[in-house]
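Asks: Taken in sequence, the protein lines are chains E and L.
In terms of the numbering used here, the first sequence has 190 at position 190, counting the first letter as 1, and numbering is strictly consecutive.
One rule links them: number in the numbering used here = place in the second sequence (from 1) + 1000.
Simulated from the structure, these hints should not be mistaken for laboratory data.
Warning: the hint list may mix true and false statements.
Derived DSSO-like pairs (lysine-lysine); straight-line CA-CA distance at most 30 Å [what the hints assert, rightly or not]:
no.: 1; chain 1: L; residue 1: K1065; chain 2: E; residue 2: K129
no.: 2; chain 1: L; residue 1: K1048; chain 2: E; residue 2: K129
no.: 3; chain 1: E; residue 1: K39; chain 2: L; residue 2: K1065
no.: 4; chain 1: L; residue 1: K1112; chain 2: E; residue 2: K29
no.: 5; chain 1: E; residue 1: K29; chain 2: L; residue 2: K1083
no.: 6; chain 1: E; residue 1: K29; chain 2: L; residue 2: K1175
no.: 7; chain 1: E; residue 1: K159; chain 2: L; residue 2: K1112
no.: 8; chain 1: E; residue 1: K159; chain 2: L; residue 2: K1002
no.: 9; chain 1: L; residue 1: K1237; chain 2: E; residue 2: K129
no.: 10; chain 1: E; residue 1: K39; chain 2: L; residue 2: K1083
no.: 11; chain 1: L; residue 1: K1237; chain 2: E; residue 2: K159
no.: 12; chain 1: E; residue 1: K129; chain 2: L; residue 2: K1175
no.: 13; chain 1: L; residue 1: K1048; chain 2: E; residue 2: K29
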Amino acid sequence: MNERFSYPADREARNAARVKALESLLIEKGIITSGTVDKILGYFETQMGPFNGAKIVARAWVDPAFKEKLVADTPAAIAELDLPTGMAGAEGEHMQAVANTPKVHNLVVCTLCSCYPWPVLGLPPYWYKDPTFRARAVREPRAVLKELGLELDPSVEIKIWDSSAQIRWFVIPERPTGTDGMSEAELASLVTPEAMMGVARAMALGAKTA
Amino acid sequence: MKLQHYLGGLEGLEPVQLETRVFVAPWEQRIFGIHTAMMALSSHLEMKPTASKFRDIWTWADLRKGAESMNPFDYFKFRYYEKWLNGISGFFVANGYITQEELQARTEEFSKKPDLGYRPGGDASIDERVITYLRDGDSPLRETNLKPRFEEGETVMVRDVPTTEHTRLPGYLRKHRGVIHTVYPGTYVYLCSTGPDGIGPAMPVYCVQFDPSELWEDAGESNSVIYADLYEAYMDKAD
């Protein structure tokens, strides 16, 4: 029998011990410090993450001029907002926003790896890195979106953005209905990484999926 | 050909699982952090030197080369960060920073005593540089006198370049026609030379539009359009 697809029973414990071994050796050899990894992880908790993207989208929903600028010159528009420094930092050097409309739905993929706009979205979730998503998103986007709970009318055009060079794409989802009285902060809480990559809608709390 | 370069459009796959977690095991965070530190300490960056003993170039390209050179069946077997762990451990051994025996022995030690910590220490200049790198990034934009060969609206033919270990040309676009949608301002280097594949030095990059029904005659879905960002070396003028 072919053993290729069998895993050792202690797969995770083994990986955990091995990465810990590697990190401890790198610290001892003076390559990184005992605080380096934690500082990086902390940076993604507070400075670079989907909380930034959600604020950007919420502003675009309440300010049409900002939204126009965000699509036309993404870095300049982002620079206007009160966000942490580094919004043009690692994996955000060249970001581009695309806006959904009732007639156009945008979907972002990286078929070759997992390129993702770190400053505004943080790190990519597993579904985005999944070879199955990467393989299918370009050829059968409608079927993929339907499986994920987003059924689009056939009249809606799907634009798929394959991140194969320097641009890191993200999506401005449509503002959900029934959110008229909401503050910008409340609106931001409706915006998920999935909505900003185009596999979900931004949803008013309590609303059912499409 | 390498299957990893031809993922886009692969058929016969299962439904997509919406796993929204970034890390599915705590150890994955550690290897992500190590990779990011290596990128920040890479010798190609024009940044203030630190006390770190790291002396090599390490970029996304190095991680991708590792993943793209894997046996394709192993590529699908291992989880995202398992591939990182294998590639990065291999790099440190191959380049003489650590030995396989050291890594093995230390792994055994931590396997037996998972709660064992490690000695604190290290020079503050290292962590300062890591944070500066995250804030400043490493833009591939370079000002040159090169003029773009193609203009917006022009039809191009994607080349089937002789890729060796690494490429930024998705396989499903090779030998197909596309239309230039955007000519990006400036010129862009890639993180390394990909040899006969053709990228590395500064060159124009374009957003190119593709009609899925031209890529796949039996695509079965309609009303979609694909945009990919392609380096100029990957395209010829269409006949």
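Asks: All hints, please: hold or fail.
Replies: Evaluation of the provided hints:
| no. | hint | verdict |
| --- | --- | --- |
| 1 | L:K1065 to E:K129 | holds (16 Å) |
| 2 | L:K1048 to E:K129 | violated (33 Å) |
| 3 | E:K39 to L:K1065 | holds (27 Å) |
| 4 | L:K1112 to E:K29 | holds (23 Å) |
| 5 | E:K29 to L:K1083 | holds (23 Å) |
| 6 | E:K29 to L:K1175 | violated (48 Å) |
| 7 | E:K159 to L:K1112 | violated (51 Å) |
| 8 | E:K159 to L:K1002 | holds (27 Å) |
| 9 | L:K1237 to E:K129 | violated (33 Å) |
| 10 | E:K39 to L:K1083 | holds (23 Å) |
| 11 | L:K1237 to E:K159 | holds (24 Å) |
| 12 | E:K129 to L:K1175 | holds (26 Å) |
| 13 | L:K1048 to E:K29 | holds (20 Å) |
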